[in-house]
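Asks: One-letter residues, chain by chain:
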Amino acid sequence: MKAKEIIIDRNLCKGCSICIHVCPKKTLGISEDINEYGLFYPKVEDLASCIVCRLCELYCPDFAIEVVQE
Amino acid sequence: MITSRYIKENYVRRLPSAFCPGCGDGQILNAIIRAIDHLKIDRKDVAAVSGIGCSAWIPSPYLRVDSLHTTHGRPIAFATGLKVANPRLKVIVVSGDGDATGIGGNHLLHAARSNVGITVIMVNNGLYAMTGGQVAPTTPHEAKTTTTPYGNPAFSLDVSRVVAAAGASYVARWTTWHMNQLIRSIEKAIMKKGFSFIEVLSQCPTYEGRMLNMDHIQMLEWFKNKFREDADGIYKIGEFVDIEKPELTEELEKMIERVKK
Ligand code: SF4
Ligand code: SF4
Ligand code: SF4
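Protein chains in written order, with our numbering: chain G, 1 to 70; chain W, 71 to 331.
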């Protein structure tokens, strides 16, 4: 399975990095930008590596990340 | 496949939550939602009850089912009332360790003893988080909290073992690292006829983490590495009880029929 897009809701994300930590493919990394709360939210490092396992969605405490399947 | 968009559209009242960044409470909300969705039960047949504490916010206001946000330590008493009034309801209590064992410990014991058919999900972070990180019955020996700055001189309660001994029909313990096992357990607990209890070790980076010198990622790693099915004491996870026995509202129903004759 391939991901078309990974959407990170900057208004919900609290920058906890749990999604980055649980991702088995290192698809995600920390952005250099900060969101409205002054937190470093995740960014997509390598979309092609995503296997749409949705572990990031399962572990995100804030429903802030969404993987759109191709 | 359940996506976060689907969850937000169908099960969450409002976001962002009031939980601190990296708090396990959001993960437990996520797990409860997925369990309800997997079971395909009508949301109208589910009621959630909570007391006071950070984890009491999981059902109220975030989970989109009918909910009661009650007084400190008393959610199990309110939930028992709900169940007796309407035995058809699936009643889920979400309570912290302080709420369920400190303030309301007696309710927990007697709900297990009477085997009333409700589900209690106890979020265990080892201290009273919402009120400022005070020592709780679940705080490990020698652990530092706001009120035990030199370490806890007392010893902690193994709540799952106590609830099992008190007569619950279903008892399990997981952590926020064990999301899939937790979801599966919540499904079983909701469908269990008698009293079901799930203890979830959850990271509180703000108080527990600060005292343990760990951030939430390190705490999740700790859950992953230390908490195992073959471990001892509080570190032992898994299903401890899974039995069928007569349930309180059924017995009440029988008694009413008997008395009517
Ligand atoms: S779906 Fe899986 S592989 Fe893709 S970003 Fe999320 S955790 Fe990583
Ligand atoms: S797990 Fe969720 S809240 Fe945490 S950084 Fe990832 S998207 Fe943001
Ligand atoms: S104080 Fe602890 S338990 Fe409460 S919301 Fe913050 S991290 Fe979670």
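Don't read these hints as lab results, they were simulated from the structure. Some hints here could point you the wrong way.
[Claimed, not checked] Negatives, chain W to chain G, calculated, CB over 12 Å:
#: 1; residue: 78
#: 2; residue: 92
#: 3; residue: 98
#: 4; residue: 104
#: 5; residue: 219
#: 6; residue: 234
#: 7; residue: 246
#: 8; residue: 261
#: 9; residue: 281
[Unchecked claim] Dumping the calculated DSSO-like pairs for lysine-lysine here, alpha-carbon to alpha-carbon at most 30 Å:
#: 10; chain 1: W; residue 1: 330; chain 2: W; residue 2: 263
#: 11; chain 1: G; residue 1: 25; chain 2: W; residue 2: 331
#: 12; chain 1: G; residue 1: 25; chain 2: W; residue 2: 114
#: 13; chain 1: G; residue 1: 2; chain 2: W; residue 2: 78
#: 14; chain 1: W; residue 1: 294; chain 2: G; residue 2: 2
#: 15; chain 1: G; residue 1: 26; chain 2: W; residue 2: 110
#: 16; chain 1: W; residue 1: 294; chain 2: G; residue 2: 25
#: 17; chain 1: W; residue 1: 330; chain 2: G; residue 2: 2
#: 18; chain 1: W; residue 1: 78; chain 2: G; residue 2: 43
#: 19; chain 1: G; residue 1: 26; chain 2: W; residue 2: 263
#: 20; chain 1: G; residue 1: 4; chain 2: W; residue 2: 110
#: 21; chain 1: G; residue 1: 26; chain 2: W; residue 2: 331
#: 22; chain 1: W; residue 1: 263; chain 2: W; residue 2: 114
#: 23; chain 1: G; residue 1: 4; chain 2: W; residue 2: 78
#: 24; chain 1: G; residue 1: 25; chain 2: G; residue 2: 2
#: 25; chain 1: W; residue 1: 294; chain 2: G; residue 2: 43
#: 26; chain 1: W; residue 1: 331; chain 2: W; residue 2: 263
C-beta: ideal position from N, C-alpha, C; glycine also.
Asks: Each of the hints needs a verdict: does it hold here or not?
Replies: Okay, the hints, checked on the actual structure:
no., hint, in the structure
1, 78, "violated (5 Å)"
2, 92, "violated (4 Å)"
3, 98, "violated (9 Å)"
4, 104, "violated (8 Å)"
5, 219, "holds (27 Å)"
6, 234, "holds (28 Å)"
7, 246, "violated (8 Å)"
8, 261, "holds (22 Å)"
9, 281, "holds (19 Å)"
10, W:330 <-> W:263, "holds (25 Å)"
11, G:25 <-> W:331, "violated (67 Å)"
12, G:25 <-> W:114, "violated (39 Å)"
13, G:2 <-> W:78, "holds (23 Å)"
14, W:294 <-> G:2, "holds (28 Å)"
15, G:26 <-> W:110, "violated (33 Å)"
16, W:294 <-> G:25, "holds (19 Å)"
17, W:330 <-> G:2, "violated (64 Å)"
18, W:78 <-> G:43, "holds (21 Å)"
19, G:26 <-> W:263, "violated (43 Å)"
20, G:4 <-> W:110, "holds (29 Å)"
21, G:26 <-> W:331, "violated (69 Å)"
22, W:263 <-> W:114, "holds (18 Å)"
23, G:4 <-> W:78, "holds (20 Å)"
24, G:25 <-> G:2, "holds (12 Å)"
25, W:294 <-> G:43, "holds (25 Å)"
26, W:331 <-> W:263, "holds (26 Å)"
The earlier numbered hints that this structure contradicts are 1, 2, 3, 4, 7, 11, 12, 15, 17, 19 and 21.
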